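Those protein sequences? They're chains R and V, same order as listed. Residue numbers for the first sequence, in our numbering: 1 to 269. Residue numbers for the second sequence, in our numbering: 1001 to 1295.
Not one of these hints is a red herring.
Short derived list, chain V residues pointing at chain R, Cβ under 8 Å:
{"hint": "1", "residue": "L1014"}
{"hint": "2", "residue": "V1016"}
{"hint": "3", "residue": "A1023"}
{"hint": "4", "residue": "V1026"}
{"hint": "5", "residue": "F1041"}
{"hint": "6", "residue": "Y1098"}
{"hint": "7", "residue": "K1107"}
{"hint": "8", "residue": "A1113"}
{"hint": "9", "residue": "P1117"}
{"hint": "10", "residue": "G1121"}
{"hint": "11", "residue": "M1127"}
{"hint": "12", "residue": "I1130"}
{"hint": "13", "residue": "S1168"}
{"hint": "14", "residue": "L1171"}
{"hint": "15", "residue": "P1172"}
{"hint": "16", "residue": "G1262"}
Just so you know, these hints were derived from the structure itself, not from any lab. Everything numeric in this text was worked out from a predicted model, so none of it was measured. Glycine included, every Cβ here is placed at the ideal spot set by N, Cα and C.
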Amino acid sequence: MNKQRIQRVLSRIPVVLVMIYILLPVVLVVWMSFFSSKMIIFPPKGYSIEWYLNLFSKRNFVSAAQLSVQVAVIATIISVTIGTLTSIGLNQRRFRGRELVQTSFLAPLTIPTIVTGIAIYATLTTIGQWVNQKLVPSMFVLIMGHVIITIPWAIRLINSGMSGIDRRLEEAALNLGANRVQAYLLVVLPQIKSSIMAAGIFTFIVSFNNLEMSLMLVGPGQSMLPIETLNYVLWNMDPTIAAISTLQVVMVLLLLLIVNKLVGLSNVF
Amino acid sequence: MGQHGRKRSYQDGLPVAPLLVPAALVTSLMFLAPILVFFRFSFYQYVPGKFMEPAWTLENYLEFFTDPYYFHILVRTLRIAFWATLLTLILAFPVASYMARTKGKLKSFFVIALVFPMMLGSVIRGMGWIGLLSEAGLVNKFLLQTGLIQQSLKLIYTENSVIFAIVSIELPLMILTLETVLESIHPDLELAARNLGASAARTFFKVKLPLAVPGILAGTSLIFVQSMNTYSTARMVGGPTIQMMATSIYTEITELSNWPGGAAMAFILLAITLVITYLYSHVLEKKYIQTMHLS
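Here chain V stands alone, though its shape is the one from the complex:
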């Protein structure tokens, strides 16, 4: 068959639309439609004791921003997500650069060791953090035994404990994202910089780091969104005192039956996540491209 025949066989493939229908149907019925309906609910009136009271009101949104209790939860969620993302990035870098230079068995060992905790689910890892940080936990017992402290420290149910747990949970994803980018940087570039007299630190900041920027941007925006959305870690390691957006949306709905209020909070969280990731990728990417041209 000639050139013409080959071209035709590609274009005459199975009809595309029917193949995509099942996925489109499930996504629209179980995801898009409920999210849109839920958005509409955020403008309903909250009447205690009632499930839904149709209305068009901005009360739920106003309440969120004027009540310091709710506003603090948002600020705390942003703060936790910020520190968790920054720490994850810093700690992921050495492992990712090491992995980028490994091959074969050692590399697949690292990949398994990273994917495995990632797939475990946050409940089991949260349990580990309770074992580590609770009053009678491993860290306190160790410090008491070695005489470094006289009294148990309050480690769990603090903002810091939530940050540490999130960082440990998000590190594998960040490492794997960074590793893909670092792997594509030719090792000769670093060698050339060193041979031309640059110090190790200068090589890192002037050669390796700028080339890794795409991976850093992709990784950090992913981790930031996931940290903002943290639920089970906040509940297990943060306890009742450290409420984050996702936990307080759940409380609002299951304990206070405030469906419109919970809906408004969900869309505030969603809107902030979208705005931040948009600004982040656009502003930072532009800036990064500019500096690349200038230098």
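The shape of chain R in the complex, shown without the other chains:
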């Protein structure tokens, strides 16, 4: 009995070690944001929250964060709208090539985002030269670039919520005299409301944290949070940048807890 107990505890050691390996870098960033010294020195000389208080004086980070939020919100609205329409279309009935259509919408996930970004930039620059119009960089293309990488998430999440609903309710609505569109708006959509919200949160996070697409498509003099963070960290690592990142860590964690309440994260993954 005792031996079994010991064996059970021993068998959990690898699990704990692997979880530490996964989470340690994130925990370290949060820890470093509270160091009192201007440079990061281990072990810390003391702790302080002054870096959090000074954040808003970092003008370039504030404007980068603003642009990131702006792009992420618009991209999310577009992706979720398109994702909902697509999921409704895909779930109407079985049709030939349904699988193919579905996988082709997920294709952007298989190509390195940096390559897609470069390809969009190169193509639109060339077209712009033909028509004598500057197409990139522009806010519209930047947002659409983000839509391309968030659409697969929106379709996947809403589609899985859609396939789980009871089709008989829709039929009942139709039999009771509702037309197709009414049946969708009043009966089907409310049933997938939480999937749509979960999709919205996921697409927001994916867009907000994206580096590769923005690198190519952001305008001169503009920056977004991941780009600004990368450029900063490559030269100096200090508690200020750790504090900026910690705020994002907290934001992502809170958003995921909301998704977990809405649809249950284990149903999504």
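For chain R, the structure is supplied; the task is to place chain V on it using the hints.
Just chain V, lined up with the frame of chain R:
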């Protein structure tokens, strides 16, 4: 309404095509078309100082395979992806099998703890790895303090540091993929093997592992492609010395303005990724099915 009416209401649903148009439009205009145009650019002539010089030439591809500098980057990318995938698989297994047996609160704790770093973005996690591995980083300081080393080790900007960082980043996805498959294996199968006298190791290799093969195949091919495509981790943890395909495509285009060369590299990376995943899934899956029939 009778059987006939019910059937009709299914078939008369909203027209499918118009609902799919927005997604098809965005995907073709912002993804398919640019990728095809970019493919065409890979046959253009590279003229320093010029953006695009139309031509039909294989120069860019030949240059890549004949110049040892570029070829080494490809070999390094493949090597990093291989080791990262293997390590991820080995480390993911214990966590996935543990998770497959948990339920309720504990399980949702694990799912959140895994999805959370996955959604964080690689820049923040890369920052954590810099804090851990740099010259004055936590690992070096710890080893110096405990007297295990006298001088700081060069941990960051090495191939190994890139591999370790990629493994940590890819582990959650591998664990979640494996867990779904392991969960579907009935626990009685393992118990039966043990009761019939098989050792724990034998049970693992003869019962659990073969049944987990579909999950292993799906997970490893996913992780391999993602590791091949690594960008920000390579840049942050690999530094200027450890160039991988994605980072050097970016350098080629933004610093050298060699658009055709960068395009050729992008399609070499893409072609290799596609060939490997195709061979991998087809050859391995066939082999796996054969052994299943033989035994």
